[in-house]
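For the sequence shown, this note's numbering gives the first residue as 106, with consecutive numbering after it.
To be clear, the hints were calculated from the coordinates, so they are not data collected in a lab. Predicted, not measured: the structure shown is a model, and the values here were computed from it. All C-beta atoms, glycine included, are put in the ideal place defined by N, C-alpha and C. Hints may be right or wrong, so weigh each one.
Restricting the straight-line Cα-Cα distance to at most 25 Å, the calculated cross-link-like pairs of lysine to aspartate or glutamate (DMTMM-like) are [unchecked claim]:
id, residue 1, residue 2
1, K470, E483
2, K150, E160
3, K417, D474
4, K386, E181
5, K457, D398
6, K433, D398
7, K256, E522
8, K233, E181
9, K233, E262
10, K162, E181
11, K180, D155
12, K470, D365
13, K502, E483
14, K256, D273
15, K470, E416
16, K180, D300
17, K293, E271
Derived CB-CB ranges, DEER-like [said to hold, decoys possible]:
id, residue 1, residue 2, range
18, K444, S348, 28 to 36 Å
19, K224, E160, 23 to 31 Å
20, D524, G161, 45 to 53 Å
21, E477, Y266, 26 to 34 Å
22, F179, P429, 42 to 50 Å
23, N360, N397, 38 to 46 Å
24, I359, K509, 30 to 38 Å
25, Y170, D528, 42 to 50 Å
26, F179, D474, 38 to 46 Å
27, D528, I359, 39 to 47 Å
28, F137, E477, 20 to 28 Å
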Amino acid sequence: MSSLCRELVTIHCGNYANYIGCQWWSLQEIAFHYATSYDKVEKFKDINPDVTHREGKTLSGDITYTPRVISLDFKENIGHRPESDLYRVKPIQESELNQCFDGKADVHKEEVLQESWTKYLSTRYHPKSLISLNAHQNPIPYQFGYELYAKHLRDIEDSLYFFVEECDNMQGVILMSDGNSFGGLSEKINELLTDEIGVPVIYSMPIWNNSVGEDYRSSLLNNIFSLSSTFQNSSSVLSLESSMILNFLQSNGINELNMDARTSSIIASFIDTTLLPIRRKENSLTLIDHINDVNVGTKRLHSGYIKFQTEKNEFGFSVSPQGPSTDKYYSRVFVERGKFDKLTKRDTNLTKTHEFHNHPLIVNKILNDVLETTNSYELNIEGELTNDANNVDFLKKLTTNTSKIDYRRIPAFATLEKDVLDDNLTILNSVIDLYQNRDDMI
106 MSSLCRELVT
116 IHCGNYANYI
126 GCQWWSLQEI
136 AFHYATSYDK
146 VEKFKDINPD
156 VTHREGKTLS
166 GDITYTPRVI
176 SLDFKENIGH
186 RPESDLYRVK
196 PIQESELNQC
206 FDGKADVHKE
216 EVLQESWTKY
226 LSTRYHPKSL
236 ISLNAHQNPI
246 PYQFGYELYA
256 KHLRDIEDSL
266 YFFVEECDNM
276 QGVILMSDGN
286 SFGGLSEKIN
296 ELLTDEIGVP
306 VIYSMPIWNN
316 SVGEDYRSSL
326 LNNIFSLSST
336 FQNSSSVLSL
346 ESSMILNFLQ
356 SNGINELNMD
366 ARTSSIIASF
376 IDTTLLPIRR
386 KENSLTLIDH
396 INDVNVGTKR
406 LHSGYIKFQT
416 EKNEFGFSVS
426 PQGPSTDKYY
436 SRVFVERGKF
446 DKLTKRDTNL
456 TKTHEFHNHP
466 LIVNKILNDV
476 LETTNSYELN
486 IEGELTNDAN
496 NVDFLKKLTT
506 NTSKIDYRRI
516 PAFATLEKDV
526 LDDNLTILNS
536 VIDLYQNRDD
546 MI
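Work out the full structure: start from the sequences and follow the hints.
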């Protein structure tokens, strides 16, 4: 690893966060292999994979290269630990067991769930990466994440210190979490990173929960807690959501059993694209520089948009609950990869553009199916990070709807203290006041 490399540690908390994570690692590794196999190193020579990956060694002395990641999820979502020969001696076969003693040896294998993010995980993880959580209570409420944290604190600390302490020039953490009880777990991990480990920068990515019907009220409460805690404890907040992508896929006849794998591939493409500036080999930005290009003072709520150009057409998606950006904004950062025929018209005063013309996105199988790019493995992509006026309406709607809820009638939140909810609403109302001051907006 280069001494000039500034490492990132990535944390995925929850089922959908891990769907996004495994798709992101897949996209990165496909780019590695594509460059090597097809003699196209020139297209990828400007990216330093050591920022997100680490080099290790097996017990037999073989060199490994794995993501610097910690993945946390419930045992029933994981199903099993992904098969890997990393850091593992050769497994004992049934025939070998029979040579040790007389009698029949029964071999028991843990049942693998049919639909789980691990089904799509092609990347090999380090043994310290995967933390399986046991849940014996209702996992819906945000506060249940505090119990998960206390129960699994030793494993969490062990993995965090392992990855953080081996870094030479760690620049920060990407912390992605689902909006249910994993938001509470993420909050505690955030506090551990800040108060005890001393991580300099945390870029939080809470994933919006958009349940309908009876679960709608629970979703609102969880979203309130998740967003207010990330505002308090993070350097910046990028909220993520898949509803626009899901609507697009369903309107185009894609309505399969596991849509999470499909929608997460789009969000993973967005994350891979917008984080390219901090993964350059030369003249790279630090994580804090990159997110501060989107921050405006203490206005730190980001939204995202991604645009694709395929052989057939051009289309885009909002990947945030705020919706597409408006013409009233504080700042914008565009990251272009590949060569676009038509570029977005931009005001250069409050807009920055990073160009990666030699680094198109190399699609994996799922993304190829979603975008129908059968005739090309290279995609031109434009990722956009924005800090704009949509944040006000978005936050107002969230706080107004939440304040109307009688949470005492929701079993999962029946023990919630009113002061706790009021404090979180106060935090978000202060953010609304901050954004209503539009003196520094175009």
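Tested hints:
no., hint, in the structure
1, K470 - E483, "holds (12 Å)"
2, K150 - E160, "holds (19 Å)"
3, K417 - D474, "holds (14 Å)"
4, K386 - E181, "violated (40 Å)"
5, K457 - D398, "holds (8 Å)"
6, K433 - D398, "holds (17 Å)"
7, K256 - E522, "holds (23 Å)"
8, K233 - E181, "holds (19 Å)"
9, K233 - E262, "holds (11 Å)"
10, K162 - E181, "violated (30 Å)"
11, K180 - D155, "violated (30 Å)"
12, K470 - D365, "holds (15 Å)"
13, K502 - E483, "violated (39 Å)"
14, K256 - D273, "violated (30 Å)"
15, K470 - E416, "holds (17 Å)"
16, K180 - D300, "violated (29 Å)"
17, K293 - E271, "holds (22 Å)"
18, K444 - S348: 28 to 36 Å, "holds (31 Å)"
19, K224 - E160: 23 to 31 Å, "holds (27 Å)"
20, D524 - G161: 45 to 53 Å, "holds (47 Å)"
21, E477 - Y266: 26 to 34 Å, "violated (44 Å)"
22, F179 - P429: 42 to 50 Å, "violated (33 Å)"
23, N360 - N397: 38 to 46 Å, "holds (41 Å)"
24, I359 - K509: 30 to 38 Å, "holds (35 Å)"
25, Y170 - D528: 42 to 50 Å, "holds (45 Å)"
26, F179 - D474: 38 to 46 Å, "violated (27 Å)"
27, D528 - I359: 39 to 47 Å, "holds (42 Å)"
28, F137 - E477: 20 to 28 Å, "holds (25 Å)"
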